[in-house]
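There are 2 protein chains.
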Amino acid sequence: MEFDLIHRHFKSPFAALVKANRDSVLTGIGDDCAALAPMPGHGLYVSTDTLVEGVHFFSDDPAPAVGWKSLACNLSDLAACGAQPIGFTLNLSLPLIDESWVAGFSAGLLEIASTFNCPLVGGDTTSAGANTAKTISITVFGEAPLQHHGFHRALAKAGDDVWVSGTPGLARLGLLLEYQRLGSLSRFYSSSEILSVLELLSVMPQSLKQLAVAALRQPFPRVNLGQSLRGKANACVDLSDGLSGDLAHITTASGLSAVLAVHALQSVWLKRWPELSQLPGSVTFLDTLLNITLQGGDDFELCFTAEPTHLDAIQSINTALCRIGQLEAGEGLWLSQPNHSRQRVLGVSYKHFAEPTL
Amino acid sequence: MEFDLIHRHFKSPFAALVKANRDSVLTGIGDDCAALAPMPGHGLYVSTDTLVEGVHFFSDDPAPAVGWKSLACNLSDLAACGAQPIGFTLNLSLPLIDESWVAGFSAGLLEIASTFNCPLVGGDTTSAGANTAKTISITVFGEAPLQHHGFHRALAKAGDDVWVSGTPGLARLGLLLEYQRLGSLSRFYSSSEILSVLELLSVMPQSLKQLAVAALRQPFPRVNLGQSLRGKANACVDLSDGLSGDLAHITTASGLSAVLAVHALQSVWLKRWPELSQLPGSVTFLDTLLNITLQGGDDFELCFTAEPTHLDAIQSINTALCRIGQLEAGEGLWLSQPNHSRQRVLGVSYKHFAEPTL
Chain A
1 MEFDLIHRHF KSPFAALVKA NRDSVLTGIG DDCAALAPMP GHGLYVSTDT
51 LVEGVHFFSD DPAPAVGWKS LACNLSDLAA CGAQPIGFTL NLSLPLIDES
101 WVAGFSAGLL EIASTFNCPL VGGDTTSAGA NTAKTISITV FGEAPLQHHG
151 FHRALAKAGD DVWVSGTPGL ARLGLLLEYQ RLGSLSRFYS SSEILSVLEL
201 LSVMPQSLKQ LAVAALRQPF PRVNLGQSLR GKANACVDLS DGLSGDLAHI
251 TTASGLSAVL AVHALQSVWL KRWPELSQLP GSVTFLDTLL NITLQGGDDF
301 ELCFTAEPTH LDAIQSINTA LCRIGQLEAG EGLWLSQPNH SRQRVLGVSY
351 KHFAEPTL
Chain H
1 MEFDLIHRHF KSPFAALVKA NRDSVLTGIG DDCAALAPMP GHGLYVSTDT
51 LVEGVHFFSD DPAPAVGWKS LACNLSDLAA CGAQPIGFTL NLSLPLIDES
101 WVAGFSAGLL EIASTFNCPL VGGDTTSAGA NTAKTISITV FGEAPLQHHG
151 FHRALAKAGD DVWVSGTPGL ARLGLLLEYQ RLGSLSRFYS SSEILSVLEL
201 LSVMPQSLKQ LAVAALRQPF PRVNLGQSLR GKANACVDLS DGLSGDLAHI
251 TTASGLSAVL AVHALQSVWL KRWPELSQLP GSVTFLDTLL NITLQGGDDF
301 ELCFTAEPTH LDAIQSINTA LCRIGQLEAG EGLWLSQPNH SRQRVLGVSY
351 KHFAEPTL
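Protein chains in written order, with the UniProt record's numbering: chain A, 1 to 358; chain H, 1 to 358.
Pulled out of the complex, with its shape left as it was, chain A reads as follows (with noise of 0.2 Å):
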């Protein structure tokens, strides 16, 4: 049974992808071990993030989201060392077999592999009895010239300029919508911030909804963006915890502070629904906004430090990254007004644990 259903909705699949990586993978699923061959002269990446049904993903999202959400988040921590992927494993371990969700779940799987050129190279899947949460682990690989740094938290400078790609807190406004469908958004907010959520999300455009949704459901690793950032980026995060906390890693580990523009901040926004200025109650939505971004996780977008001499670089790569702020000596997270005042960002990342499950 087991053999069975690893044949039919994994190995047989993702057999064309692995065949067309046969330079790369020596041995697929099926033996003890897979068996990879990395390039000369190019150092290994790993990284490895479990999804619990009910924590990470609700138990009624479609299957095919759960399976690109599974690769996407691990890509993203490559895309952050500025890695290309070379493979993946996973782990399934389902509370009972049932088949077609399994079926769908392989084909968004199967996707986003595809999409990424990252065969899968292995797995283990277990029943795990009645009552239990479905619970996905992958662990992905990829590479990276030896000479390649790592943008290593660490790295970042003072004098850095900061970076954001795409709009974070899109994935947590679709998260807010999300709750708001199951009634459950005073689960998340106080009854003094509900308000204002409830009013933005009632104002908001309806393309808008439907970019957060997807941007929460089917986030897209910034893969390219992250190696075409080799020797241009000092440090580098992926946005998985929100920005405020996910910039405190390379603030902290680099022993620097940050200073954020409140209206570089907007402009993430703005650039893309300039209406969202003209909607009544503008000023209010632009300051929920700038939580939501602070706050937000699950965006998988790319944040990095680089020095200002590489500003023409980086624009030519990508005309939508956004300069957001500098580096400097000190410590901790600051918001600058246009009056050049600033106000300090206390403790808002995101935190599985000591969040309410969904």
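The reader is advised that the hints may include incorrect statements.
[Stated by the list, open to error] Capping the alpha-carbon separation at 20 Å, the derived lysine to any residue pairs in SDA-like fashion look like this:
no. : chain 1 : residue 1 : chain 2 : residue 2
1   : H       : Lys209    : H       : Leu185
2   : H       : Lys11     : A       : His249
3   : A       : Lys19     : H       : Ala253
4   : A       : Lys271    : A       : Asn318
5   : A       : Lys19     : H       : His149
6   : H       : Lys11     : A       : Thr252
[As the list claims (entries may be wrong)] Interface residues of chain A toward chain H, partial, derived using beta-carbon atoms under 8 Å:
no. : residue
7   : Ala37
8   : Val46
9   : Asp124
Derived by calculation from the structure, the hints in this document are not laboratory data.
Ideal Cβ placement from N, Cα and C applies to all residues, glycine included.
With chain A's structure known, arrange chain H on it following the hints.
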């Protein structure tokens, strides 16, 4: 909370082991990815296994034993491919943060990781909410020279001797003793079989009982043996699912049949415990042991095939290796009696899906 827990029980206790391997571990726990530097001219071997509480270990198993076994079963896969461990990642999903359990688990993990010089390089810890089962996934990395063929299952040849290390079935005997202790042997055996098992357990020497439970709880992966077999063995598997099932992986992949000598299989036990042949009813006992030897999983011994010309070289590696049969043209698994009569062994491998939970 999550960061503190990881630091206290994983990053800090494993720091010395990571440092001792600084040539191969460029970046350990704490960045988006770990970075490893495999030796030039070597292939990278990867294996992953999941252990679920109540399926793969008992809820009341000592936490250090669970930590040991979680890595042992992965190292055993590297052993079966003849690879040298270089590091591993850990995914730990817990119902609640039971810190004393985590501390014990980490201690057992560190003990085996130190024994095999295999540093923890990354991971993910998740609180999955009350009423969930502890779920542990480990992915282990190893290396072997590119010219080593990895003992693929399809590489066995007709005429090869079949060898095993240790005492296959010993861990199954340990599992039966645990079931007996919990009063649940009847969930595992039919009423027609249970009497002979109970009789065997009742007369078994105490020293054998203790070793059987130890084999179940703290199996010793044959990592050094696996590497010593490079250039000698053709195909190799580890006995995670049981001798008959795992050997079938080799015979099926290689398009051959295996003929095992009943006398040789029994001598695997009698060489270590000669008193088993002196017990009242020893003929029945030896038959029961034979079934346990063929069916028993979780042994993490190696079963390998090698051309007869390598006999002396293999015996000089380790005198406790037993030659139990040969491969022939044909298909299936056969037992041969001293009088050369043969009997086919049908479908008796250990399947996690098919088995009752503990």
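* **Given pair status - histidine 249 of chain A, lysine 11 of chain H, alpha carbons within 20 Å** => Cα-Cα ~16 Å, so holds.
* To do: Decide if the proposed pair is consistent with the structure: lysine 271 of chain A and asparagine 318 of chain A, CA atoms, cutoff 20 Å inclusive.
  => 14 Å, holds
* **Pairwise hint evaluation, alanine 253 of chain H against lysine 19 of chain A, where the allowed Cα distance is 20 Å at most** => 19 Å, holds
* Any CB of chain H closer than 8 Å to the CB of valine 46 of chain A? -> 5 Å, holds
* Going straight from one Cα to the other, do lysine 19 of chain A and histidine 149 of chain H come out at no more than 20 Å? -> 18 Å, holds
* Asked: Do the alpha carbons of lysine 209 of chain H and leucine 185 of chain H lie within 20 Å of each other, as the hint requires?
  -> The given pair, whose Cα atoms are some 16 Å apart, holds under the 20 Å limit.
* Asked: Do the numbers back the hint for alanine 37 of chain A, that is, is its least Cβ distance to chain H under 8 Å?
  -> 5 Å, holds
* **20 Å Cα cutoff - pair lysine 11 of chain H, threonine 252 of chain A** => 17 Å, holds
* Asked: Close enough to count: is the Cβ of aspartate 124 of chain A nearer than 8 Å to one in chain H?
  -> 5 Å, holds
Checked against the numbered hints given earlier, this structure breaks none of them.
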